[in-house]
Structures are given as structure tokens and as C-alpha cells.
Amino acid sequence: MSSVNLDQNLNTAATVHAADHHEEGEHRLVGFIIFLLSESVIFFSFFVGYIVYKTTTADWLPAGVEGLEVREPLINTIVLVSSSFVIYFAERYLKKENLWGFRALWLLTMAMGSFFLYGQAVEWASLSFGFTDGLYGGTFYLLTGFHGLHVLTGVLMMAVMLGRSFIPGNYEDGEVGVIATSLFWHFVDVIWIILFILIYVWQ
Amino acid sequence: MTETSITAPYYRQNEPQPGEPEKWWRFFTFSTDHKVIGIQYIVTAFVFFLVGGFLAMVMRGELITPEADLVDRTVYNALFTMHGTIMLFMWTFPVLNGLANYLVPLQIGARDMAFPRLNAVAFWMVPVFGTILMASFLVPGGPSQSGWWAYPPVSLQNPTGNLINGQFLWILAVALSGISSIMGAVNIVTTIIRMRAPGMTFFKMPVFCWTVAAAQTIQLFGLPALTAGAVMLLFDLTVGTSFFDPATGGDPVLYQHFFWFYSHPAVYVIILPVFGVFSELFPVYARKPLFGYKFVAVSSFVITGLSAIVWVHHMFASGTPSWMRMLFMATTMTISVPTGVKIFAWVATVWGGKIRLTTPMLFALGGLVNFLFAGITGIMLAAVPFDIHVNNTYFVVGHFHYVIYGAAVMGIYAAIYHWFPKMTGHMYYEGLGKLHFVLTFIGVNLNFLPMHPLGLQGMPRRVASYDPEFAYWNVIASIGAFLLGVSVLPFLLNMISSWILGDEAPANPWRAIGLEWLVASPPPHENFAEIPTVVSEPYGYGKSEPLIAQQMASTELASELS
Amino acid sequence: MKVRVILRLLLLAAIMTPISIWVGQQAYHWMPEPASEEALLVDNLFSFLTTLGTFIFLGVAGTLLYSVLFQRAAKYDEGDGPPIEGNLTLEIVWTAIPLVLVVWIAGYSYKIYDQMGILGPMEHVHMMGEAIAAPLDAERPTEPEPIEVRARQWVWEFYYPEAGVTSTELHLPNHTRAKLTMTSEDVLHGFYVPAFRVKQDVIPGRQVDFEFTPIREGIYRLRDSEYSGTYFAAMQANVVVESTDAYRQWLNQAAAQAPQPGLNPSYAEYQVRVENRDSRPGWKTVTPAPTPMVNFPGSPDLPVPRP
Ligand code: HEA
Ligand code: HEA
Ligand code: CUA
Ligand SMILES: [Cu+2]
Chain V
175 MSSVNLDQNL NTAATVHAAD HHEEGEHRLV GFIIFLLSES VIFFSFFVGY IVYKTTTADW
235 LPAGVEGLEV REPLINTIVL VSSSFVIYFA ERYLKKENLW GFRALWLLTM AMGSFFLYGQ
295 AVEWASLSFG FTDGLYGGTF YLLTGFHGLH VLTGVLMMAV MLGRSFIPGN YEDGEVGVIA
355 TSLFWHFVDV IWIILFILIY VWQ
Chain D
200 MTETSITAPY YRQNEPQPGE PEKWWRFFTF STDHKVIGIQ YIVTAFVFFL VGGFLAMVMR
260 GELITPEADL VDRTVYNALF TMHGTIMLFM WTFPVLNGLA NYLVPLQIGA RDMAFPRLNA
320 VAFWMVPVFG TILMASFLVP GGPSQSGWWA YPPVSLQNPT GNLINGQFLW ILAVALSGIS
380 SIMGAVNIVT TIIRMRAPGM TFFKMPVFCW TVAAAQTIQL FGLPALTAGA VMLLFDLTVG
440 TSFFDPATGG DPVLYQHFFW FYSHPAVYVI ILPVFGVFSE LFPVYARKPL FGYKFVAVSS
500 FVITGLSAIV WVHHMFASGT PSWMRMLFMA TTMTISVPTG VKIFAWVATV WGGKIRLTTP
560 MLFALGGLVN FLFAGITGIM LAAVPFDIHV NNTYFVVGHF HYVIYGAAVM GIYAAIYHWF
620 PKMTGHMYYE GLGKLHFVLT FIGVNLNFLP MHPLGLQGMP RRVASYDPEF AYWNVIASIG
680 AFLLGVSVLP FLLNMISSWI LGDEAPANPW RAIGLEWLVA SPPPHENFAE IPTVVSEPYG
740 YGKSEPLIAQ QMASTELASE LS
Chain C
110 MKVRVILRLL LLAAIMTPIS IWVGQQAYHW MPEPASEEAL LVDNLFSFLT TLGTFIFLGV
170 AGTLLYSVLF QRAAKYDEGD GPPIEGNLTL EIVWTAIPLV LVVWIAGYSY KIYDQMGILG
230 PMEHVHMMGE AIAAPLDAER PTEPEPIEVR ARQWVWEFYY PEAGVTSTEL HLPNHTRAKL
290 TMTSEDVLHG FYVPAFRVKQ DVIPGRQVDF EFTPIREGIY RLRDSEYSGT YFAAMQANVV
350 VESTDAYRQW LNQAAAQAPQ PGLNPSYAEY QVRVENRDSR PGWKTVTPAP TPMVNFPGSP
410 DLPVPRP
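Residue numbers (our numbering), protein chains in the order written: chain V, 175 to 377; chain D, 200 to 761; chain C, 110 to 416.
The following block holds chain V by itself, in its conformation from the complex (with noise of 0.2 Å):
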């Protein structure tokens, strides 16, 4: 019969374990590359969504409504989208095994992310419009208001791993949190060049 190499098998089984375990990495980036992928198709659908409105209601702004400011939330666009570069190179730091370097551009983006949301935060509070006042106002604060979500949630993962920084070791091996935070960062970015065309440029 064909069971003859039974207690062979079972003694390669441990090895093939270890080799697993490399793998897992990689599995994860894929995995959350398929999830960013499947992500954007949120956003897409609110600047569908966004899109329609905006062509086909008629009287689109709120009464009292001029418009948007854009210089404020320009210097906030260039500073989250230099963050992007910010973070490239924490990633270069990282690979070199300059582990101080890396911590200290990581800190750097992170303190670029909260300045941009504490820019936000001021933009809406000084805003006369709210979230029910009709579809401009509904639109601009799910756009503006999810995508700070995201944004919000970018820092906080990049504190985590921060903080893993300092686990003697960890970082040896390369480390997939890292690199997928920063893909995270990079999409975060990207969605938001496309909402402030749609909201601060196409006025």
C-alpha cells in the first residue's frame, strides 16, 4: 500500500513549520493590499455619489453658503501630501537598520497627520454650514468626515508601531506593519488629492 512513508511525513512536518512561518508576512501585505483595493471602492462610490449630486441638484450651495475657503485647506493638502514623502523615507531608514532615523521621520508624519487634522477641526468649526443642510452640506462633512476617520486611524497605527520599535528585535526581520502602514498612508493620500479636487477645486 501506499501508506508506507507515514512516519516520514510526520517528522518533515516540523521543518516545513518553520518555513511557514516566514511566509505569513508576505501573506498578510497581500492580504491588506486586497483589503486597501477593496477599500477605495467606499470612497469611489461617495465621489460617485457626490458627483450626481453635485450635477444635478439645483440650488447646491445652502442659502447663505459663498462657497469654500481653499488657502487653509491647501497648506493642509500640501502638508499631508509631503507626509507621503516623509514617510518614504522612514521606510529607507528603516531598511538601512537606522532605527533612530526611522523613529524620528515616524514621529515626523505622525505629527504632519495631527497637524492636518487639527486643520480640519478648525475649518469645520468655523464653518456656517452643518452636516443636515442639504445634500452640500451632507456630502461635504461624509467626504471630509470618513476620510478623516481614515486619516485618524493612519496615526494611531503608526503609533503602535512606533511603539514596537522598541521591542529589541522586532524590527530585524524587516517588518510587514511598517510597510503596510505606510501603503495605508500613501492611500490615504491619494483619496484625498481626489476630494480636494472635487470639493475645494470643482466649486
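These aren't lab readings, by the way, just hints derived from the structure by calculation. Note that this is a predicted model, so its numbers are computed, not measured. Incorrect hints may have been included.
Straight-line distance between alpha carbons at most 27 Å, and here's what the computed DSS-like set of lysine-lysine pairs gives [unchecked claim]:
#1 K633(D) <-> K111(C)
#2 K184(C) <-> K742(D)
#3 K111(C) <-> K493(D)
#4 K111(C) <-> K742(D)
#5 K403(D) <-> K742(D)
Since the structure of chain V is provided, determine the placement of chains D and C with the ligands on it from the hints.
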């Protein structure tokens, strides 16, 4: 041995398997074993199927007479809303996820899914959102009564004025179900991309894995659109934004686009894995290779692609402009091409084979015939002038119950019978299985065929009362429905008694080809002692070729010894 | 060999074709007697679809049945069937055939759609604001103004602007293009008369124009086709198609009548519940719109469907 591909290399009959947990209570734990999770999914989903079916029994009881007499109208409306929601989100999706969970790692030669813990979390969300949905029967005002589409403005009307109402809980449950499904989809797709055994190229993968991948891809691009729509609906309902509320300038038709952009593809999430089951079963029980394997495999993804561009066929009467009607009529009809490829391939597989009418084969054949019928009425519905007449009538209800019950549920039954020995280590009772088949097949046709003449004569769906002219066919439909209700009894009896008392199952009772049949029944904890190296295509019936390299070695060894 | 196969297929087709055509002819009787021009066209399309569908169904299911009946494994036969893995020509052929059929079906459906001359309703849909602002159509001043169809939870009301008549029964002159403008005050409703084979959603916040031509006198049923909440099923009305003379006469008579409560079965049923005369448990419902005061309520009797 001559049939190398079906003998088990790792396995000696009657010998205890290493590391095999035999405790029944593992099914009630946060297990990360894909096989445990698979069975958890299947059993949980089946409980909800009974609940959804029970609601349908009450509905058919109401519809047996023209007047709205058995239950109050609000209750009837809640019944069909919950029936549709439960059947789709808590029966078909979870049960198919269960099958995929159980089978995919085994079929591709992996020890587990890519993310075992995520897998467990995704499963345990099912009872959570199930409970939320059930709880809506208890809140003031009762469950959602806006149909499973939850079209605004009806879904935004809130006669109780409470914040926590049936509609709110409904949206919450559907959103959680979406999150759980996305977790599952990420997991399954990653598993299929990354965890295949050496030698298992895409074109050596069983068609079931292909169809699961195609179906889960739909979840990945479709569910987020539904989520977006649900979030906006939730804000309209709770804080009073005006996305979909025409009273404040919103656009109720946009919601319909969001909804159907997902919910049309969702029907292929249901049917594709069932196509996979058909593709696995016909070769085994006709003992012939799957005809045109590559065509069948690839056509799954053609269906995935097309499914994303046909959603407006649910909205032909919703104020859709002519060009859009004609465009979506054309795209919808093209789906019959990749589907036809599959149908013809199965017929050719069965043709000239050595057919064995076991219970799984009977369910698969019955499901195929029902699907054929439903597909043809589907094409009729796609023809705009005709659809305008039967849209929102019982013709549509008949169409989709033929696909969903007649094909999908029967295909799921086929799968459960076919893999039951593998999952439990016991054989089911063939006699009870055949009884189950006969009752189901007659029940389906008695229940759902009369809905077609009803629709043609103009009986709208979602009505608790109707004009007496429709009574004749409704009585027949109700009798069929009660027969279907009875049909689950032999199934339940069979499953429970044979799990406990059934004959012990060998590793490969059907002499089937496939990695899952090379390991013991039930498979040991990490499936494969050594990951196999795959060397052949999956359906080598009649070819006496080895499926995996280990078999080559062992046959050589065996011939040396002799 | 090849010739034999082809001959057999031809024989099969020769048997299946008349059966399919016969079933296709039967299909005309599965729907209510057609009472509009559109209905005649739709019935032709349905008959065509049924013919083709029967042919496909018989072909595939028949082949399967043959296999199942005559190609079973013998009792102790453990062997395998012939290991045929595929046949490229065949696979290409059966990809091509459905493609051709689909083009045929879609082409024919398009033709019917075109003949029905339903402009997509969207071409007729205006936002409320625009419709009011639109200049009056100066070219055809003799055309009667369209009948207004007002839908609300859960009653239909019809308004004839030229005579100033309101009614809860829809009267239409025979052989005349019926023109409707439909509005809803609350949720989505659907205008559906099975005998006419026409259906159109009524969307709140918009004005939807709709046209068709009745061709047979009689009483028909108008049904709400878009689910609209608790009393959705009761939201039906009668449609009376009569000769132009009778229609004129009816209009004049109705105009002379003083307003009275229209037919509103859902409101009546709601009253039963409010007064606790219904013991069945139920949940709170949206309150129905009050019964409209109309010149002509119409008859509460159901039309007798013709066989
Ligand atoms: C698993 C579920 C499932 C599947 C697989 C399908 C498959 C199809 N469905 Fe169905 N459908 C539903 C579930 C499903 N449907 C549900 C749930 C609804 C209603 C939802 C609701 O309103 O609540 C619905 C409603 C629905 C509508 C809307 C009707 C209306 O509301 O007015 C339409 C219209 O086009 C449609 C069409 C089709 C078509 C063309 C297919 C095609 O995929 C069928 C293709 C198959 C074949 C054609 C047969 C095999 C092919 C051949 C043998 C080749 C040769 C054939 C030809 C050339 C014709 N479906
Ligand atoms: C997977 C999907 C699925 C399945 C399997 C079914 C199964 C059945 N459905 Fe389905 N149905 C839908 C999905 C499904 N349905 C959807 C999506 C809708 C649209 C909803 C909407 O319009 O919003 C719908 C609508 C719908 C209607 C139209 C309602 C209306 O428009 O007014 C009807 C009417 O007859 C109906 C009947 C049935 C029947 C009789 C069964 C039977 O096959 C069920 C058989 C029953 C059982 C197998 C269970 C037997 C259980 C017992 C005997 C008791 C045990 C009970 C407990 C332990 C609690 N369904
Ligand atoms: Cu009234 Cu829908
Ligand atoms: Cu669809």
C-alpha cells in the same frame, strides 16, 4: 492499484490520526481550525435557514387565501423583509463561506487559511449580527418593513419615532454582515493566491476553488458600494441628512443604484460556488473528466466581470432612460454566454459516462435542471418590454426562487451530502437522502412554478392580500411550500443520526480525485502530514495518472516491492 | 460518423421545433387579454422568448435525461467512463451559439421597444421646478391636457384638468393615446395595469409623464407596483376604458357632481385597526393619507377578469 490518483498516501485505514481533536465542544469555541470554522458556519447558517423558512411558511399561510387574514399587514411586511434578509445574509452567504472554508485549504493543499484568527472573528460575527437582526422583532414598531431592498423613502419612514427601531437594527446587521464578508473574502482570496501547494498552478486547481475566488472577488468590489449606500441611509434615518429623502432634496433613485450595484453581483456570489460544486460532482458520479476544464474555470471570472455591469436590469421601471435600458439589457443578456459554456460542459461531462445516482448526484442534476429553467426566465426578464410587464410581480419571485432554492440550495445540499463523510467521518443514509431529494424537487416545482403564471397575470409581489382571481395558483404554491417545509425533516434526521450512528467513512468513499480525498475522514488537525506536490490536472478520471508526486513515489515503491 | 451525428441532431431539432412553436403559441394565453397597443407587442415578444426558451430547455434537459436514463453504471461496474477532456471546436461552437441567440433576442427586444414608442420615462421626467418653468407647448394647442395621476399612501387620485374633475377611478377613451403625468406626495409608487402591460414608478419630487394606447373597452385593474408600506397591497383602482362618447358623457356628468369621499379601502381598513376591532397583533404604521374628496368615487366592485 491501478487508479493511483484516488488512493490515499498518508493514510492507513482504522489507525488513529495524529493530533486529531475529537471533542464535540470544539465547535463551540473560538477555534482557528478552518475545518471547525467551516462546520460552524454551515450549522449556524442552517439554523437561520430554518428560521427564514419558518417565516416563509407563515407567509404562504397568509397567501393561501386572498384576504389579509392570518396576520396583520405590518406583520406580513416584516415577514418578507426578514425572510429575504435572513435567507441571503444569514443563510446563503454564511453557508457558502462555510463550504469554502472547509474545502479550499484542503483542495489546494494548505494546512489552514492564510489568516486563521481573522477567520474565526469573521465567523463569530455571524451569530452577533444574527442576534441583532432577531432582536428587531422585540423593539417597539417591530422589524424593518421596507423589503430587503430597504428603498427610501419607505425605509426612512419611522412611525414610532424611536431612534432604535427595526430599520436601524436592520442597517446595523447588514453592515456587520458586510464587514464579516469582506474579512472572509480577503482571507479566502489571499489563501488561494498564496497558499497553494507546490505544483498546484491555477490551471491545476479544482473548479470549486476557481468559482470561490471569482465569487469572493465580487464581495471585494461590491460590498463597499452597499456599505456606502447603507452609511448614507443610516445618516438619513438617524440624524436627518438628506441624501435619499426627496422631501429635503435627496435622490431616492441613487440609493437604488448603490444597492443593486452590489446586490445584483451578490446573486453570483451565491451561484458561482454552486457552479463549482456541480463541476466537482459531475465528474465523480459520471466517472469522466470535466469537459473543457479550462473554459469552465475561466468562465467564472468572465461572469464576475460581467456581473459588475448589469445592475440596472433591476431598475427598468424606476425612471431609467431608454439608452440605459437598452445598454443594460444587452449586457445582462451576454451573461448567458459564459453561463452557457458551463451548462454545456456539464452536460458533455455527464454524457456517455457511467452515471451513479447517489444523493449528491441527484441533487446536482435536479439543481442543474432548475437552474436552466431559471436562467431562461432570467433572459426573459432582461428583455425590457417584457420586464416592464412582469417587474415587481410574482414572475420575478418565481425566477429567483428557482435559482436560489432550485439551484443554489439544492447545490448546497449536494455539497453537504458529498462531503459529509469527509467532514464527519461517517456515511449518511442513502435512503433518507433520496427521500429528501424527491420531496425537495417536487416541492420546489410545486411551490415556485405557479408563481410564473401569477406574475404573468399581474399579481404584484409583497402583497398580503390579492384579488380573488389569483387564488387558484396561490393555493398550489402554498401546498408546495408546506411540502418544502416537510422536506427538511428527513435531511435533519439524516444528518443528526448518521453523524452519531452512521457507518464509519473511509478516506475516499466516492473514489474521487482531489487532495481532500487523500487524507483521512475527518482530516487530521493540520490536514497534510507533508504538503503534497501536485503533478496533474484535477479531473483525471479514467486516466490512471497520479495526482501528486508522493503517489508517484509510492507506486514506484510498491512496484519495486512486488 | 460525422454525418450520422449531424443527421441525429437534425432529427432532434425537427422534433423540438414544432413543440417549441406550439408552446410559444400557448404563451399568448398566459397573460390577461391584451387591452392596449403595447400589450400586443409585448405578447409577441413573450411568445418569441417562450419559443426559444422551450427549445433551449428541451435540448439541454432532454440530453441530460437521456444520459440519466440510459447511461447509468451497471451495478458492480467500478470502471471509469472514457477520459474525454474536451473538444476545442465544440467549445467554440457552444460559445458562439448563445452569442448569436443573444444578439437575436436583444435585437428583437429592441425592435419591440422601439415600436412601443415608450420614450424612456426619463426623457419625460422633469424636476418639479423645471416643469413649472417650461414654456407651454405652442405647436399642438388642440391636444387635451394630460390626466394627472396623484399617488399617496395608499390611494390613487386622478385629475382631469380640462373638466376640472377628480376621481378615484381612472376613465380613458378607447383608441386614444392616454397621456398621464404622475406625481407622488410621499414615497415611491408604481403605476401598473396588467392588461395594458405597462408599468412606471412614480417618484416623489418629480413629475413623470407616461403614455400608452388602450384598444379595448372594459374595466381593468390598476395596481401599485412599487412597494410603499403597510397598505401597499390595497392600493388598487379600477380603470374604465370606454368609447369616446361615453367618456365625454362621463366627464360632463362627473363635473356636475359635488365633491364626495373617494374610494379608499386602505383607510377604511386602518379605521378598523384604530377602533380596536382587529384583534390580531400588529405594529405601529404610518398613518394613511386622508380620503380625497372627489367628484366621482367609482365602483368598488372588482372587474370580472375574462378567461
Ligand atoms: C443566485 C441567484 C440568481 C442568478 C444566478 C440569477 C441569474 C440571472 N438573472 Fe436573476 N434575480 C435574482 C437571482 C438570480 N438571478 C434575484 C434574487 C432577483 C430579484 C431580487 C429582488 O427583486 O428581490 C433577480 C431578478 C432578476 C431581474 C430583475 C427583474 C425585475 O425585478 O424586474 C432580471 C432582469 O434582467 C434578472 C435576470 C437574470 C439573468 C439574465 C440571469 C442569468 O445569469 C442567467 C443565465 C443562465 C442562462 C441563460 C441559462 C443557461 C444558458 C444556456 C443554456 C445558454 C443558451 C441560452 C440562451 C442564449 C438564452 N434577474
Ligand atoms: C436563499 C434565499 C431564499 C430561500 C431559500 C427562500 C425560500 C422560500 N421562500 Fe423566499 N424570498 C427570498 C429568498 C429566499 N426564499 C427573497 C430575497 C425574497 C424577497 C423579499 C422581499 O421582497 O424583500 C423572498 C420572497 C418570498 C416570497 C414573496 C413575498 C412577497 O413578495 O410578498 C415568497 C412567497 O411565497 C417566498 C416564499 C418562500 C418559500 C415558501 C421558501 C421555502 O423554500 C422555504 C422552505 C422552508 C424551510 C426549508 C424551513 C422549514 C422550517 C420549518 C418547517 C419549521 C422549523 C422552524 C424553526 C426551527 C424555527 N419568498
Ligand atoms: Cu403605493 Cu407603492
Ligand atoms: Cu440581477
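Unmet hints by their number, sorted upward, for this structure: 1
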